[in-house]
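Student: Taking the hints into account, I'd like the entire structure generated from these sequences.
Mapping the sequence shown onto our numbering, position 25 (from 1) lands on 25, and the numbers just tick up by one.
Keep in mind the hints are simulated off the structure, nothing from the lab. Ideal placement from N, C-alpha and C gives every residue a C-beta, glycine not left out. Don't take every hint at face value.
[Said to hold, decoys possible] The calculated label-pair distances, taken between Cβ atoms and stated as ranges, are:
{"#": "1", "residue 1": "I36", "residue 2": "D63", "range": "30 to 40 Å"}
{"#": "2", "residue 1": "K44", "residue 2": "K13", "range": "11 to 21 Å"}
{"#": "3", "residue 1": "A48", "residue 2": "K23", "range": "15 to 25 Å"}
{"#": "4", "residue 1": "K61", "residue 2": "R40", "range": "17 to 27 Å"}
{"#": "5", "residue 1": "D63", "residue 2": "C2", "range": "25 to 35 Å"}
{"#": "6", "residue 1": "D63", "residue 2": "F37", "range": "27 to 37 Å"}
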Amino acid sequence: MCEANAYLRQSGKDELLLEMVDKVLPHEDGLVLEDIFGRRKIIKAKIAELALVDHKIILEKEDN
Numbered sequence: 001m002c003e004a005n006a007y008l009r010q011s012g013k014d015e016l017l018l019e020m021v022d023k024v025l026p027h028e029d030g031l032v033l034e035d036i037f038g039r040r041k042i043i044k045a046k047i048a049e050l051a052l053v054d055h056k057i058i059l060e061k062e063d064n
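Tutor: Below is the structure:
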């Protein structure tokens, strides 16, 4: 499987946001994360790190 888990990095700690993410799409309000079941989350964040071997997407909230 090629999906990854998305984490939100806050105060140096990574909090799980969504598991089995299949798509990350740009959106006017930030990013749309979609899992393999079609569930979606929209978050005002930027990509801080993609650790593809570890299947991790690390996001950080945007200041605006």
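Student: With reference to the structure, classify each hint as holding or not holding.
Tutor: Now the hints, each set against the structure:
no.	hint	verdict
1	I36 - D63: 30 to 40 Å	holds (31 Å)
2	K44 - K13: 11 to 21 Å	holds (19 Å)
3	A48 - K23: 15 to 25 Å	holds (18 Å)
4	K61 - R40: 17 to 27 Å	holds (18 Å)
5	D63 - C2: 25 to 35 Å	holds (31 Å)
6	D63 - F37: 27 to 37 Å	holds (32 Å)
Checked against the numbered hints above, the structure violates none of them.
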